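Participant: Residue numbers (our numbering), protein chains in the order written: chain A, 141 to 1093; chain B, 25 to 200; chain C, 372 to 827.
No lab work stands behind these hints, which were simulated from the structure alone.
What you are looking at is a predicted structure, and each value in this text was computed from that prediction instead of being measured.
Each hint should be verified, as a subset may be incorrect.
Below, a list of computed lysine to aspartate or glutamate pairs in the EDC-like style, where the Cα atoms sit at most 16 Å apart [claimed, not checked]: (1) A/LYS1053 / A/GLU1030; (2) B/LYS142 / C/GLU591; (3) B/LYS111 / A/GLU946; (4) C/LYS592 / B/ASP67; (5) B/LYS111 / A/GLU1030.
Over the 12 Å line for every Cβ pair with chain B, so calculated as not near, a few chain C residues [what the hints assert, rightly or not]: (6) VAL411; (7) ALA416; (8) GLY418; (9) GLY497; (10) LEU578; (11) HIS657; (12) LYS672; (13) THR775.
Note that beta-carbon positions come from the ideal geometry of N, C-alpha and C, so glycine has one too.
So the chains spell out like this:
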Amino acid sequence: MQHYWKSLEEREHGALAEGEFPENPLQTPAGRNRRGFLKAAGFSFASAVLAGCRRAPVGKAAPNLVQPEGILPGRAVYYASTCTACPAGCGLLVKTRDGRPIKLEGNPEHPVSRGGLCAVGQASILGLYDRLRLKQPLAGGKAVTWDEADRAILARLDSLRSLPGAVRFLTGTITSPTVAWAIGQFLKGFREAQHIQYDALSSSAILDAHQRTHGVRVLPRYRFEKAEVIVSFDADFLGAWISPVEFTAGYSAARNPELTTPPLAWHAQIESRMSLTGSKADRRIIAAPDEIDGLVARLAGEIESGRPEGELARRLLAARGRSLVLSASQDPATQALVNQINHRLGNYGATIDLDQPSYQRRGNDRDAENLLREADAGKIAALFVAGANPVYDLPGGEAVRKVPLVVSFAERLDETAAIAHYVCPDRHALESWGDAEPVSGVTGILQPVIQPLGGTRQLVETLAVWAGAPRPACEIVRERWREQHPDDFENFWEATLERGFAAREPKQPQARAFVSPQPPRQNTSQAGWSLVLYPTPGMLDGRHAYNPWLHELPDPITKVTWDNYASLAPGAAGKLGITDGDVIRVAGLELPAVIQPGQHERTVAVALGYGSRLSERFAQAGPEWIEALPTLGPNGRIGWNAAPLARFENGSLRYVRAGVEPVKTGRRWELARTQDHHSLGSPRRPIIQEISPEEFATARPAGDPREELWPPDHPFTGHRWAMTVDLNACTGCSACVIACQVENNTPVVGKDEVRRKREMHWMRIDRYYSGPPEAPEVAHQPMFCQQCEHAGCETVCPVLATVHSEEGLNQQVYNRCVGTRYCANNCAYKARRFNWFEYARQDRLANLVLNPDVTVRSRGVMEKCTFCVQRIQEAKMEARRLGRAVRDGEVQTACQQSCPAGAIVFGDLNDPKSRVAQLMRSGRRYRVLEEINSRPSVGYLKVVRRRGGQRHG
Amino acid sequence: MNRRVLVGIFTCEEDILGATRAARARGLRVVDVFAPYAVHGMDRAMGLRPSRLSLVCLLAGATGAVLKLWFEIWTAAVDWPVNVGGKPWNSLPAFVPITFEVMVLFAGLATVAAFLLKAGLRPGRKPRLVDPRITDDRFALVLEQADASFDVDSVRGLLSRFNATEVEERVEEGRR
Amino acid sequence: MAEPCSVLTRPLIEGGKNLAQVTGDVCAPMERRPGALWWVAFLTAFGMLAAGVAAVTYQIATGIGVWGLNNTVGWAFDITNFVFWIGIGHAGTLISAILFLLRQRWRTSVNRAAEAMTLFAVICAGIFPVIHMGRPWLAYWIFPYPNFRGPLWINFRSPLAWDAFAISTYFIISATFWYVGLIPDLATVRDRARPGLRRKIFEFFSLGWDGSCRTWHRYEKVYLLLAGLATPLVVSVHTIVSWDFATSVIPGWHATIFPPYFVAGAIFSGMAMVLTLMIVARKAAHLEDYITVRHIETMAKLVIATSGMVALAYGTEFFTAQYSGNLYERFVFLNRAAGPFAWAYWIMVGCNVGVPQLLWFRRVRTHLAAVFVISLLVNVGMWFERFVIIVTSLHRDFLPANWTSYRPTSIEIATLVGSFGLFFTCFLVFCRVLPMIAMGEVKSVLSYGHKPKEEA
C-alpha cells in the first residue's frame, strides 16, 4: 500500500499535471485516498488492456454453435471425389480431419481405378498446401483483383470477337464434360475460335489410327483383365502410359495364381529401354527404337498369313479374342497395323472396347503443331492456356511468346504462365466443383473438401464471367448434370456425391466396320544411335514438378531421386568409357549418365518432366551444414528438360529421335540414388524367390508361420497383425511409398541426404537384377519393417525404446529413443530410419497436410514402419464402439490401400479365415531371411516366373 | 596418556629387520616401525596378525552381486515386464555381465574404504613423522619404555649393533 | 631376502642407486620448470584437443548428420574410437594388476605411468558412446535411476547397457587402484615440498601417510586384492565391448571368437601404446636407469605374443566363415579382403601381423627407435582393426539393396584427432604434477641384483 501511495504522489506532483487534464482520473478530488488509488490502478490496468487489444490480431472467429452434421473433432471424414493429377481420372476418397484434407485414397468402388491410386495421385494433395500456389490473378506479372483482370481481359477480347480465327483455347486432355462445355460456350463469342487439346505425353497416333481403321478418333479402352496374351510394343502401361492404375489392376487380376483360373496371362514386352512394364514381362525383347515399328509390321504379316514364325504370333493366334496387342508408337501407320492385328485376332469387343472408349487421351498433335505454326506466323491474337504448359513441354512451344495476348489459368507460375500477359489461377481440385469422364459412361464427380486457400477462381467460373453469365461452379456443374438426369435429380445428385461417380449412358461413337490400312512404308532401321524420351511414373509430364515428394521418390528401376539422366546400356557405356554420373551431351542436352542393364545398345533414354521452372523452389531442400551439397542442379533446377528434343513428324509428336551420338564431356554430376546395382550375388541369396506355375500347382501349403520348436515365451492371444506381399503382383510402381510418406508424416530430406543414403521412406521397393546385365531379369521387393517376433532391434536397445506389443507389433517409442542406432545396425533388413538432422518443417502451410494421428519425429530419433498402428487403433476403437470384433479387411495399411495391384494384404493372423492367414498358408509364401530366425510377421509370395527369358529382337 | 619411547633410525632394510627381530626377542614392546616402502618380512618380524581385509572384499562383492541380480530380475520380470525381442521376462544369462561388474565395483570400493578407515588415513590428517626422511630413505624403530625394567643403555647398545644412525628418547602424547 | 636373489637376477634398476637418489630422480621432473620440449608437446596436444571440442560442439548443435554415417552404416568412427581407446586402457591394468599377481617385479618402473595411461584412455573412450547418440543430452537415460515416469527401467539385455556399467566400473576401479598406489609417493613428495600451497595439496591427498609398517602391511593386502579384482575386470570389460558385436545378427559381428580376440587385441594395442609413451618419457624425464632397455625388451616380447594371438584370431575368423558355408558370412570376409575397404583390411593385417614379427630379432627389440616405430604402427593397425570390423560388416550385410559405402566427414576426423589431443594433454600434465614412477615399489626392488651393503 504505502509503496503505491508513494508512486502515485510522484506522478501527481512530478508531472506538473494539475488542471491540464481535468478529467484525469489520477487527480483525486479529496487528495489521495484509497478510492483514488483504486481508480488509478483501474485506469492503468484498463489502459494496459486497451494497449494490448490494439496489438491483438483481428480475425474472424465464428463459434461453431450448430455442429455440422457427422463431423466430430478428431474423427476422419471421407469424401468421394476424382483425381485430376493426370487425365486418367481415378476415383478418390479424400480423408479429411477437422475440415482439412490430409490424404487421398483410391475409391474401391470406382469402375476405372478399382481402389488403387498411383504415386502422383497420392502426392497431389501437397499441391493444395503449396505456399507458392498463385493466390490471385496476375496482370503482366503483377497481382491484381479479379475485377481488374476481368475488365482488362474483356476489353482486349472485345476487339477480337469479330476477327476470324484469332482466338485459340489450348488445353491438355479435358475429361470434364462441364469444362469442355464451358470452353465451348466461351468460344461461341468468337469467330472460328478453336479449342485445341494436346497431351505432352501424347497417344495421338492411336486416335489417328482408329480414325483411319474405324472412323472414330478415340482411344479404345484396353481390358487387361480379359487378356491371356499381352504383347506390348514399348507401351509402359504399368508405369506411366495413359492409365497405369486401371491397367495395373486389370493386369494383376489376369496374373494372380490364387484367384485366376490358369492359364495366367502371358506378357511379352518389346522395348528399347528398361521400363517398369518390361521388368514384369514374361518375355522381354530388346529392340532398337527404330526397329520396333518394323517388328509390328512383321508380326502383322505373320498374323495376316496365319502362319506364325515366332513365339509371339503363335501365342497370339492361339489366344484369339483373349489377347491384346498394344503399341506406344507415335506413327499412325504402325498403330493402324496394331489395330489390324487386334482386329484379325478378334480382340475388338473382347479385350479392346471401342463402344465405351477411353477419354483419357484426346490430344491431337496435328492441331497443336498447327497452333504453334499459327502462333509463330503471328496469326493468333489471343491464346488461352488451361491445364497445359506448351512453352515447357512442346517442341517449339516458345512460339507462344509471339501471341499478343496470352491468358493462362495455371495454378502456379509455370513456364507458360510466366510469359502470359494475364494469369487467372484455377483452383486446386480439392477446392473445386467439377466432373471427369475418363471412360465413356463413367463420370466421376469433384467436390470441394476445404475452403479455398487464397483468392483463386475456378476455370468454369472465370469463363462464365467472361461469357457474361457469372455463376458459381457448383451450379454450373449441377446444371450440366441435371440435363443428363432430369428426373429425380436431387436424389441422384446426393447419391453421386456419396459414391463419387455415376454410370452414364455411354455416347456410342459410330465406329464403322474395320478398314484395313495401307501398309506403311518400311522405315529401314539405320544402325545409328537413337534417343528415347519417356515419362517416369513419378514425374509424368512434369506438371507436378513443384512436388518434393515426387522428386524424392526413387525411380522404380534406376532408384535415382531428384534428377533425370541419360541411361545407356552397359555395353555401350563400356565402349564410350562412360560410367555412372559422367555428364554426357545428347542432342545438345548435357546431363549425367546412368548405366541401365537391359537397355538396347544403341539407345539413350532420357526422362521427360524435369528441369521445370516449378522445381526452382528446392534451393533450401534438405538440412544445411558445412559439408552439405545443393539439391538444385547447375541450371538452378531439378534435372534437365528434354521435351524440346521431341519433334513433330507428319502430324504426331515423336519421342524417338534418330542419329544422336552421346558424347562424354568429362564433367561429373553425382546422382542421389537409394540403391546401387547390386545383384543377389553368387551363390544367389534367397531373398527373392521364384516358382514356376507347374511347381505352384503341386506346391504344398506353407506351414503355419507361428510354429516353433518350443513354445514361445510370449504367445499372442488377441490379435496378431501380419502382412503378405505378393511379389508376382508388385510392379514396383511405388504408389505405396508415397502413400506411406503421406500417412506417416515422413519428411523430405533433400538430395544431399539421399546421396548419403539417408532417405527417410519407411517403405522402399528394392529392385534386384539377375542374369546377364545386357538382358537381366528384374524383381521388385517392397521392403519395410518386418515386425519380427524375435526382433534384433528390441534386444539391443539399452533404453527399451523399441519393444513388442501384445499384438505382434514392433513398437518404436520416439520420446524414449536416445539414438544409439544400435537397433538399425542389428536390423537384418535395414528397415529403420534415423533423423540425422532436424528435417525441414518450417513450411507452416505444408504442415497442414500432416496426419494428426502420427507423431512428427524430432532430431536424433529412430523411426520405421509401424504397420500403420494408428489405423489399427482407429479400427479397434470403431469396432469397440459398435460392440463387435474387428472384421478382416477393416484395417488397411496406407500402402495396402494405395496398391493398384492389390499386392499387399494386411490382417489378423490369429483369425484363420482372414485373407492374410490364408495367404500365409499359400504354397508361394516365404519369409525373407527366415534362416536367421528373426521370425518376421511379413510373408512374401514368390514370383511366378515363366522362363521365357529375354532376347534381342 | 603420554609415554616414553626410544626411537632408533636406520638407513637400510636389513638393519631395521634385524633390529626389530632382536628387540622382540628381547621382549621389548615394538610400538611401530616406519619405512619408505613395504619391507618384506617386516610383518613377521613385528609379529602382525594377517589382515582381514580379504573378508571385507568377499562380503562386499557378494552383497553387490546379489543386490544387482535381484534388481535386474525385479525390474525386468516383476516391476515392468516388457516383451523385448521375444526374450523371456527373466533373461538370466543376459543379466550376468552387469551383475559381475557391480560385484567388482562393490568389492573394490568397500575394501579400499575399509583399509583407509582401519589405517586411519583420511584427507587433511596431519602426519606424525618420526623422522622427516621416513618417506625418503630412513627407517625407524620405535620401542616403548614400558616399565623400569627397560634398560635404555643396553637397548641403545642393541640398536647401534644394527648400525642405527641415531637413537633418542622421546616423550610422545598418546596416539592410536 | 636380498641375498639369494642377488646372485640369480640381473639388476632391475641400473646405476647402483640408493634410496635417496631414487626419490631425487623421480621427483626431479616435478620440481624443475618444464622445458621447451614439454611446452611444444603440450601446446600441440592442447591444440588437437581444442579442435576436437569444436567439432563435438558443432555436431551436438547441428545434429549427428554431420558425421558420414547413413541408414546402413550406423556406426563407424565413433565406435571405432571407443573400442580403440578402451583397448589402449587395458595395458595399464594388465601391467599393474596381472603382472603384479604374476610377481613380475620389472613392472614397478612402468606401472604408474601405465595406470595413468589407462585412466586417460578410458576417459577418451567414455566420451564416444555419449556423443555418438542422436540425443546425447539424454545419455543418462541408459542408467536405471528411480523416476516418476511409472515403472520405467532400462534394458539389461542390451550389450550397450552392459557397456555403460562395464566402462564406469572399469574407470572407478582403475582410478582407485591408481590412487591407492599413489598415496605413499604423494607423502614422499609432500615431505620434500617447501611449506606452501603445493605442500598443502599433497598433504591433503596423501591422507596423512606416515610410513608405518602396520599400514604398509594392510596396504599390501589391499593392493593384492585390488589386483585380484582388476584382473577379471579388465578381461570382462573388453569381453563386454566385444559382445556389442558378437550378440548381434550381422555377419562379421556375430562370432563367438570375439571376446578372447578382443581381449588379446586390447592388450596388444595397449602394450604398443605403453612402449610409445615410455620410450619418449624415459628420454624426456631422464629416467633411463629406471625404464631400462630390459623393460622395453620385455614389453616388446609381450607385443609379439599378443600379435600372434590376434593373427590367430584373424585366421580363425576367416576359416570359420568359409567352413560354415553360410553365404552371408563367407561374403563378408571375402568382401573385407577384396571389397571396397580392402585397403583398410590390409593395413590392419600388415601392421598387426606383419610388422611385429620384426620383434623376434633381439637387435630390433633392443633398438629403441625401431621399437618406437613398430609400436606406432601397431597402434595404427589396431585402430583399423576396429574400423574394419565395424564398417566392412555393416556396409554390405544381408540385403544387397541396402549396400552402401562410408566416408568420414571432416567433423569425424577432427573428433578423432581431438581424442588424441585429450589423451596426450592429460598425460603431459600427469608427467609434470605426479611421480611418474612408483617410488615406493621401485625402492623395494632396488636391492635386486646388488650385493648387500657391507656393514659400515
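Participant: Now look at each hint and say whether the structure bears it out.
Facilitator: Here is how each hint holds up against the structure:
For the hint pairing A/LYS1053 with A/GLU1030, the CA-to-CA distance comes to about 14 Å; that is within 16 Å, so the pair holds. Restraint check: the Cα-Cα separation between B/LYS142 and C/GLU591 comes to about 14 Å, which is no more than 16 Å; the hinted pair holds. Proximity of B/LYS111 to A/GLU946 is assessed by CA-CA distance (about 14 Å); at most 16 Å being required, the pair is judged to hold. For the hint pairing C/LYS592 with B/ASP67, the CA-to-CA distance comes to about 12 Å; that is within 16 Å, so the pair holds.
Among the hinted pairs, B/LYS111 with A/GLU1030 is inconsistent with the structure: their alpha-carbon atoms are about 31 Å apart, more than 16 Å. The claim that C/VAL411 lies off the interface holds: its Cβ sits roughly 33 Å from the closest Cβ of chain B, which is beyond the 12 Å cut-off. Even its closest Cβ contact with chain B, about 30 Å, leaves C/ALA416 beyond 12 Å, as expected for a residue assigned away from the interface. For C/GLY418, the shortest C-beta to C-beta distance to chain B comes to about 35 Å, beyond the 12 Å cut-off, and the non-interface label holds.
Residue placement check: C/GLY497 keeps its beta carbon more than 12 Å from all beta carbons of chain B (closest about 14 Å). The claim that C/LEU578 lies off the interface is violated: its Cβ sits roughly 4 Å from the closest Cβ of chain B, which falls inside the 12 Å cut-off. Once the 12 Å rule is applied to beta carbons, C/HIS657 is consistent with being away from chain B; the minimum gap is 19 Å. Distance check for C/LYS672 against chain B: the nearest CB is about 27 Å away, which clears 12 Å, and the non-interface claim stands.
Listed as outside the interface, C/THR775 is consistent with that label: its C-beta sits roughly 25 Å from the nearest C-beta of chain B, beyond the 12 Å cut-off.
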